[in-house]
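Colleague: Each chain is listed here by its residues.
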Amino acid sequence: MTKNAEQQLVDPFEAALGVSDVKGRSPWEDAWHRLLKNRAAVYSAFIMGFMVLLVVFGPMLISWESDFTDWDYTSSPPSLESGHWFGTDAVGRDILVRTLEGGRISLLVGLVATIVSLVIGVSYGATAGYFGGTADRMMMRVVDIIYALPFMFLMILLMVVFGRHILLIFVAIGAVNWLDMARIVRGQTLSLKNTEFVEAARACGVQDWAIIRRHIVPNLLGVVIVYVTLTIPQVILIESFLSFLGLGVQEPMSSWGALVSDGAQDMESAPWTLIVPSVFLTVTLYCFNYIGDGLRDALDPKDRL
Amino acid sequence: MAKHSLRRLLGLIPTLLLLLTVAFFLIRVAPGGPFDAEKALPPEIQANLNAKYHLDESLLQQYFRYLGQVVSLDFGPSYQYKDWTVNELIAQGFPVSLTVGLTAIVLAFFVGTMLGIAAALRQNSTVDYSLMGFAMLGISIPNFVIAPILILLLAVYAGWLPAGGWDWGVPSMVLPIVTLALPAIAYIARITRGSMIEVLHSNFIRTARAKGLSESIVIRRHALRPALLPVISYLGPAIAGMISGSVVIERIFSIPGLGSYFVQGALNRDYTLVMGVVIFYGVLILVLNFLVDLLYAWLNPKIRYDQKR
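Chains H and X supply the protein sequences, listed in that same order. Going by this note's numbering, the residue at position 228 of the first sequence is 455; the numbering climbs one at a time, nothing skipped. Going by this note's numbering, the residue at position 171 of the second sequence is 173; the numbering climbs one at a time, nothing skipped.
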């Protein structure tokens with residue numbers, strides 16, 4: 228049916244209803260409108276965007292180098308005169324530039340580790356859910372067993388044994404976080420695989436893997452997006468936790484957790500060394516959590532928590 | 003019920019075995035042995051040391067030896083704290099950690115549910131929004147940020163509480179317990195609010211109200227128990243979170259608990275101690291999760307495992 232013929236069919240109804248050119252809205256548009264109505268989420272998204280710009284470009288705009296030690300101003304409080312707007316640490320390094328560069332690492336860890344867990348979790352969960360039966364039971368049993376391990380401790384063990392390499396941190400955190408993703412994706416896949424369009428694809432003789440790739444995974448997008456936004460802050464938190472204990476990224480690299488740890492050492496004489504990175508870290512986590520909440524409400528209109 | 007419990011309990015064994023195996027082999031592939039010194043030891047002494055700690059046996063033999071040891075609840079000697087066994091270190095540190103953790107979880111449960119119910123009863127009011135805003139803050143601020151800030155405000159500036167240390171006195175306990183409980187309070191408040199709102203919209207509550215029961219009886223008799231079920235199932239992860247949180251808290255407040263030993267051991271490469279603590283805490287988390295499951299099943303009339311469907 229051509230576009231024109233379609234329009235001719237619809238016209239009488241439109242005339243009867245007194246509307247012209249009804250435009251349909253996809254579920255995605257609906258979700259987008261719901262999201263825009265959630266003010267906390269929108270503000271958080273703006274703040275987060277600003278934070279990302281600040282962390283990426285900020286260090287280029289500030290005249291201090293992060294490892295430059297300004298002996299004239301050691302442990303000096305925030306001031307405009309000295310040029311150290313947020314003060315310096317005990318060896319005279321500019322807190323602002325260090326915090327922004329630490330933010331690069333923290334956000335990078337958040338992003339990369341989340342992608343690692345996303346890839347593993349989605350492919351594992353979709354496979355288990357799609358094939359079902361014994362394969363599914365075995366695969367999910369493995370997830371259950373791993374799930375019960377005390378991860379924080381194993382992670383610390385890993386850091387101790389293999390040394391603190393940033394790549395290892397990415398992989399270790401990502402490898403831990405895929406479990407939830409796998410469970411959620413599997414559940415969703417189970418309900419998707421009995422839908423008509425999957426059946427139709429199968430009837431057309433489409434291969435299993437192609438069905439998973441073309442029909443199942445795209446339909447998982449909503450759940451996955453929500454879960455990703457909630458995973459990023461978790462990952463940032465884990466990295467900060469490790470760095471705080473002195474087991475995360477190594478000098479001269481820094482991250483928010485390491486900076487908070489440094490700041491906590493001399494907070495009595497120089498509280499700004501603690502407060503500045505703490506505020507950056509907290510604002511970031513706060514925003515991500517609100518964005519995740521907003522997305523969940525928008526994409527899953529059921530009255531969830 | 004008993005049959006189900008037994009099955010769940012047996013299900014813990016593969017997890018434990020995996021934990022032990024991962025921990026054991028992780029440590030064995032670590033570069034450098036525990037007795038690598040700056041100066042190379044004479045070969046005879048090295049051989050003696052290896053023999054004493056059974057490092058001269060094959061890896062598989064060592065693995066089964068360690069397995070046997072752990073089954074008989076012996077974690078071996080500590081490599082760093084001379085004259086101490088790992089068991090003794092655990093026995094010394096655990097009571098402290100247990101006191102902090104147990105108080106924190108009880109505190110979190112009561113305060114969290116109360117705040118959550120308060121918010122749910124005034125849904126979409128200012129009280130609700132501000133409580134949930136604070137709860138989100140509690141979730142977002144890591145406890146290693148809150149702890150130093152509280153120390154700075156309440157201990158250094160105000161001088162009301164000690165900044166750290168542990169003397170089994172109440173003042174030294176307040177800050178660590180509160181900081182450990184805060185994130186859990188926030189989570190529990192959010193969960194309680196959500197489930198309370200859901201329960202208050204259900205039919206049996208409408209019936210109870212229609213019977214003319216007072217609002218407080220409706221809530222206490224009818225709404226509370228189903229609303230608390232999600233909180234109960236959250237207790238498992240909450241306990242695990244608190245145990246790992248205690249590692250940081252104990253370090254910040256210099257509390258001589260198990261978490262401090264663990265971090266110290268990790269930094270000193272005291273392998274036996276680290277493994278001992280990992281396995282000990284692993285078992286603890288598994289067993290507590292199991293108990294939480296039982297509690298959940300007991301409280302929830304919808305779950306009766308033994309019934310044939």
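These are computed hints drawn from the structure, not numbers from a lab. All C-beta atoms in this analysis are idealised placements derived from N, C-alpha and C, irrespective of residue type, glycine included. One should not assume that every hint holds.
Claimed, not checked - With the Cβ distance kept under 8 Å, some of the chain H side facing chain X (calculated, not the full set):
id, residue
1, 288
2, 354
3, 358
4, 359
5, 361
6, 363
7, 376
8, 385
9, 387
10, 467
11, 468
What the hints assert, rightly or not - Here are the in silico distance ranges between beta carbons for each label pair:
id, chain 1, residue 1, chain 2, residue 2, range
12, H, 361, X, 31, 28 to 36 Å
13, H, 255, X, 10, 54 to 62 Å
14, X, 301, H, 510, 32 to 40 Å
15, H, 389, X, 266, 14 to 22 Å
Colleague: Each hint: holds or not?
Modeller: Right, here's what the structure says about each hint:
{"no.": "1", "hint": "288", "result": "26 Å, violated"}
{"no.": "2", "hint": "354", "result": "21 Å, violated"}
{"no.": "3", "hint": "358", "result": "22 Å, violated"}
{"no.": "4", "hint": "359", "result": "19 Å, violated"}
{"no.": "5", "hint": "361", "result": "17 Å, violated"}
{"no.": "6", "hint": "363", "result": "17 Å, violated"}
{"no.": "7", "hint": "376", "result": "5 Å, holds"}
{"no.": "8", "hint": "385", "result": "7 Å, holds"}
{"no.": "9", "hint": "387", "result": "5 Å, holds"}
{"no.": "10", "hint": "467", "result": "6 Å, holds"}
{"no.": "11", "hint": "468", "result": "7 Å, holds"}
{"no.": "12", "hint": "361(H) <-> 31(X): 28 to 36 Å", "result": "33 Å, holds"}
{"no.": "13", "hint": "255(H) <-> 10(X): 54 to 62 Å", "result": "42 Å, violated"}
{"no.": "14", "hint": "301(X) <-> 510(H): 32 to 40 Å", "result": "39 Å, holds"}
{"no.": "15", "hint": "389(H) <-> 266(X): 14 to 22 Å", "result": "19 Å, holds"}
In this structure, the hints that do not hold are numbers 1, 2, 3, 4, 5, 6 and 13, in rising order.
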